[in-house]
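Engineer: Dock chain D against the given chain E, drawing on the hints supplied.
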Amino acid sequence: MYQKELLKGNTETLLLALLVQEPMYGYQIVKEIEQRSSGYFLFREGTLYPALHRLEKAGLINGAWAPSPSRQQRRYYSVSERGLRELRRKRAEWRDFTQAVNLVMQPSR
Amino acid sequence: MKLFSLLGLLEQNLHMAPTKRVEILAELQTHVDDRIQELQSNGISSVDAQERAVLEVGDPAQLAGAYYNAHETGSWRDVGMATVPHLALAAIFAFHLWTDLLWVVVAISAATFIAGVAWRKGAPQWAFPWLGYALAAPMLSWSLAMVAIAYGGWMLLTGGDIPLGAPLYLGIVLYIPLSMLLVIRIVRKAVRHDWLMVSLAALPLPFFATWMFMLHWRQGTLAPNKARALEYDADTAVVFLALAITTAM
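Protein chains in written order, with this note's numbering: chain E, 1 to 109; chain D, 1001 to 1249.
Any given hint might turn out to be false.
Stated by the list, open to error - Simulated coverage check for chain E against chain D, where a stretch passes if three residues somewhere in it have a Cβ under 8 Å from a Cβ of chain D:
1. 16–29
2. 35–46
3. 71–79
Source of the hints: derived by calculation from the structure; they are not laboratory data.
Here a beta-carbon is modelled for each residue, glycine too, at the ideal position from N, C-alpha and C.
The shape of chain E in the complex, shown without the other chains:
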């Protein structure tokens, strides 16, 4: 339950961090996140696509149909300039947060 809540709060940051590297389509994102997290994050359609569409509506990513390497049409998402700024802000926020959590959690001397 706690893990689910953590993912819910960070889904959009994870998507931005992934898409900043290269434009990807939905299924590719699921596989990439699963692989990079060694199976820790398993995105479902009900989480992934509404999150992608929310980011697109907020102007943080852009979506466009383009042929995939298998020549089938896929909707590719890429990070916009605004998305880049938001990612920088979220990364700094995450760094501060984890630092603070680590400081509290480490055993006191």
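Structural biologist: This is chain D only, laid out in the frame that chain E set:
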């Protein structure tokens, strides 16, 4: 459940613009196709792969709800854009600007222009109040046109001259059906897009109709009794202010 049944159920529950709906369904279909392909390459039969891939998508109604929340939740900018036309109308009544034809023309032209531009850009929710006011103008003009036609008809029957002259009278007679056809076409398109928003866009119409009726009743429209006609302006401004607040909420 089969893939087409899933997409059909999802489509039924997606209450948004047809273009968005088509795009969502196409994207989800490519996702499920990829998943089926992957499962099949792992040795799972075609039937089992399809069943499992569809099952993984989950409840179509829940998914549709998640999509709806992602698309239809308004930003502050959207809220601002949706309330501006109501606030403008409140100001027009509060400052008695409706008595100046120039302001009326400017307001109608602005509403029509902004509604048109927004429609071309995918008809966001904030566009509907603008569309409502743009369509309110021809709807209200019909009542005035009908008064003019009835008056002209009476004059013809009683052997008098047609008011405003025959060409203009004929123009008014033709104006009603032609503008009605245009309005009906626009409304039908808008209803297909989002019937709920169209019903909300039509909210100011009863207030306008009541105002016009009161104005006519108090001899404000045709008789030069300006002072009496202005008596309702403060109340009408409050009504449009209330509409703006309701829309924002």
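Engineer: Any of the earlier hints contradicted here, and which numbers?
Structural biologist: none
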